[in-house]
Structures are given as structure tokens and as C-alpha cells.
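Engineer: We have chain A already, so just place chain B on it with the hints.
So the sequence lines, in the order shown, correspond to chains A and B.
Each residue of the first sequence is one higher than the one before, counting from 1 in the numbering used here.
Each residue of the second sequence is one higher than the one before, counting from 295 in the numbering used here.
I should point out that these hints are in silico values taken from the structure, not numbers from a laboratory.
There's no promise every hint is true.
[To be verified] Listed below are the simulated DSSO-like cross-link pairs for lysine-lysine, each with C-alpha atoms no more than 27 Å apart in a straight line:
#1 B:K300 with A:K181
#2 A:K224 with A:K237
#3 A:K67 with A:K224
#4 A:K237 with A:K67
#5 B:K357 with A:K237
#6 A:K258 with B:K424
#7 A:K181 with A:K224
#8 A:K258 with A:K67
#9 A:K224 with A:K258
#10 B:K483 with B:K396
#11 B:K483 with A:K181
#12 A:K258 with A:K237
[What the hints assert, rightly or not] Partner residues are not named here, just some residues of chain B that face chain A (Cβ under 7 Å, in silico):
#13 G334
#14 I384
#15 V406
#16 P437
#17 A542
Just so it is clear, CB atoms sit at the ideal spot from N, CA and C, and this is done for glycine as well.
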Amino acid sequence: MTHTTTARRTTLLYLLPWLLTLALFWLYPLLHSFYLSMTDYELLASESHFVGLANYIELFNDQDFLKALLNTAIFVVGTIPFTTVFALGLALLVNRRIPGAQIFRSGYFIPSITSLVVIALIFTNLYSRGGYLTMLCDLVGIPTPERGFLFSEGTALPAIMAMDVWIASGYYMLLFLAGLKSIPEEQYEAAALDGASAWSSFWTITLPQLRPMALYVILINTIKSFQVFVEIFVMTKGGPLNSTLTVVYFVYDRGLHKFLMGYASAAAYVLFVLIMIFALIQMRLFGVGRSTAE
Amino acid sequence: MKLRPKDVAVWFIMFVILIGMLLPLWWMLLGTFSEQFVSGSLLKNLSDYKFTLDNIISVLNVKNFDRSIVNSLIVGVTVTAGNMIFCLMIGYAFARFRFRMKKALFLSVVEVLMIPVHIIIIPLFLLISKLGWYDSYAALIIPFLVNPLGVLLLTQYIRELPPDLEEAARIDGAGEFRILFSVVAPMCKPVLAVLAVQIFMTNWNSFLLPFILTSSDSMRTLPVMLALLQGYQQIDWPQIFAASTISALPVVIVFLIFQRHIVSGITAGALKT
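Next up, chain A with everything else stripped away, as it sits in the complex (with noise of 0.2 Å):
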């Protein structure tokens, strides 16, 4: 008898931390928020009452955050497919046998464990009006914007999107290099002799085999994207004229600048819905998914 309630209460003890923290840092903030999108809570205000989805029905006549989630859908849909495209170009160029192909990817990867902050301070220097790319673009005849990519309407968006594909293409290279060499060396042998060319064994082994990874790098940059914050607050702020704002600056600035508390959660909560749907769609397409639970 002892003995098993020692074992119960080892169990508790080793599992306690992680009880601990789903239970307070996860499920209730989430739990929480859902709460307060129903209230017009403001840290600052002596009281709050329920409004039911008022906040909802504010948040989509609200020109602002229409235009942030205007600017994180067009955040995630122009980056994704260049990033995945690249990261897989770069992790079958990685793949070869080639003198140095280590030196390569390490080299590809570093931008990517570079903190967000550093390289965001880098590139607001290189895109500045008089910072060097605007130098290199009027070099070569690339007309530029007077005041800098980051403070005009037209480029900013843009070149922050450039810049995030340009950190995160290293990152996933790795995660489609582990789907490659996951791939059985026999795979291709055999199809060579068959008669197979490299092209031809590219499509019919190489693609199929690396579809799992794919689902999986695309929907962990999906869920990132769609969260973009950091690249806005150090470079735009948002600006000029909101063309940079997107949700996550939005719940931040309107939760924790104006302490509108309720309204932000609500917000927070179109953009919780819109990455689930997001996932589940993308997981659907996939028709895997069920794996993940194993």
C-alpha cells in the first residue's frame, strides 16, 4: 500500500512543473482573454462591464485593425511560398556532395539565430535614405523612395517582408535538409537504374517523400507569421500611415499602450481563430496531421 501511494506521489512531484505551468502561464491567460474580449476592461478604469461581442463588432468597423489584418495577410501570403522555396532550393544545394557544403550551411544558418532585434537595427541602417542599399539602388538605375524604404507607404511592408524571408530561409533549409536525409539512398539508386534522370527521381522520390516536412515547415511559419512583431516595433512602428500594422502590434499597442484591455484581447482572439483555421485547413490539405498525435 505504501508503496503505490509513494509512486502516486513521485508522479505528482516530476509532473508538477508542467502542471503548474500549463494550468497558469497557458490555459488560464487563455481562458482569461476570452473573458476579457467580452468587457471593455482598461487597466486604467475603476470598473468593467460585460458587452457581450461588442468589441467584436467594434474591432471589424475599426479602419485600423481592418487594415492590420490586411497587412498580416499580406505578410504571411508574400513571404511563405518564397521562403519555403528558397529554404528548400538551399537545402538541396546543401545536400550535394561538394567541398565546404558544411561551411555553407552553417553560414545560411547564422541569420536566422541572430537575434531579431540586432538584424531588424541592421537592415532599418541598410534601408535608411543615404543607408546602402539605397546607394546600391541608385548605383544601378533602381529609382528608391525619397525618405528611405522604411518610410514610405509603397515599401515598407515590402521590405520588411523581403528581410524576414531573407532571416527565415536558413532556418527551414535545415528542417527540409533533415526530410532529405531521411530519404533511403536506395530509393535513388534503384531509380537510376532504371534509367531514371536526376530531374525525373527529383519528382517522383524527392517531392513526395518531403511532403510531411513541407506540411510542417509551412505550418510553423504560418503560426509565426501571422504573429509578426518584432521587425514592426523595432523598424515602423507601424507607420507611415498604419501601412506596416498588423495584429500583433495592434493587440500590443491598443492592450498595453492604451491599456484598452478588452478591446485588445478581442483582437488577440480574431487572430487565435484565424491561425487554428489556418492550421486545420492546412493540415486538411495535407491529409496528414493525424501523425502528429503519433
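Structural biologist: Here is chain B on its own, set in the frame of chain A:
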């Protein structure tokens, strides 16, 4: 290995991409260590190049900047150590013990990995304030002590270990704690190393939560300090680059030394989820 012309062409392409990947960071180093830095001209920077440490020294003299480095170290080391201990405990429980709701609880680990952290910043801020941790080390450390990815890594690793040694120790009358920390932990060294490097680097670079959970200059971590540096005064690029170098260089060095651990940590997460 024979080099074919095609290989040379591929090698050349890869080399050009490598330069493109590293150029911005090299630009940062150039700005940090040159006496006269001009934002818009590569040639001028190279022809007039003179090495200097003045920018590094001047940024270290910015009020509380050194403090932010110390803060990042304290927080990073504590969070890393905490994760190594807790993920080992939790992973061991999932891998070896039988208990009710085990499946559901393990699934919660996987599920939490998918939750977008940025959407809970407001309730997290309120919770931390209510607990009285706002603007303290507790806020920077406690919420991050158990990383779900670490739990996953440890569980999967321990599952693959043969249970013989543990059982032998149990027969010898060793207590559960002794078994975990002096029998299982040494066998988990490789995966613990992966976890440690991963957690430390993530923590060293993390911005949003440390930013919203602190307010005084003396509680800022390095990335937060860095991001706010440009707001305080006219943009002084050499100073900002120097601060960036201080923030980025340790990570790059750690990466180059522990490359294999980092790579396997990232891909293990991907291959197993």
C-alpha cells in the same frame, strides 16, 4: 572527389548566396569596429578603415547597458538550468510512470507548442502584475522554466533508453530522486546538452515578453535595451552597431561551437512532432 564543371558552377552560386547571407552581419561588425563609419558608402568605409574599440566602450558606458547584459546572463542561466531539471523530471514521468490521463496530459504538451504565444500577452501581463512579479526577475524567469519542446525531447529520449540500470538501482534500494538524478540524468547528457544550448539561445534573443513584463531600465534584458536604445536619442549608428555586436556575437560563437547540438535540437523537434 573529382570536381566537374557543374560542381564548380554550383559552388560559385552557393558562395554568392553565402555572401548575401552574411553581408548584413559583416556590415554591423564594420560599423562597430571602424573609427569613421558612413552609412551609405562601402568604399569609403574600406579605404578609410581604422580599427577602434571606442564604440564598444562608449556603449558600455550607456547607463544600465552593462546591467542589461548581466540581467540577460542571470535570466538565461536560471531558465536554462530550470528547464534541464524540470524537463528531465517531467520527461521521465511521461516515459516511465503509469498514471491516469497520461495520454491527454502528454497531448497537452504537443498542443501547447501550437499555441501562438503573442495572443496571450495581455492576460499574461495582468497575471504577472497580480502576482506582484511585474518588473522583477520572477517575471523574466518563472513563466519560462518549463519549455514544452524540452518536455517532448526528454520524453522521447528517455523512452528509448533501456530501463535496466534504473531497475538495478531500484532493487538496490535507491530512492526515486537518486535514480533520476544519478542514474538517468547522466544517460541523458546528449539530449540535455541540446536542450541547454537551445533554451539559452532562445532566451538570450527573446524580446516581446521580457519587454512587456518589465518597465524600469535596470530590469531590461539585452535585446530590450537594444531595441529601446534607438528611441532615446538621435540614431547613433556606430553605437547601435556596437550594442548589436555585443548581443549577437556570443550567440554566433556558441552556435559555431555547439553547431551539432543546435541542429539536432531543431530537427529532432520537427521529425518527431
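Engineer: Which of the stated hints cannot be reconciled with the structure, identified by number in ascending sequence?
Structural biologist: The structure breaks none of the hints.
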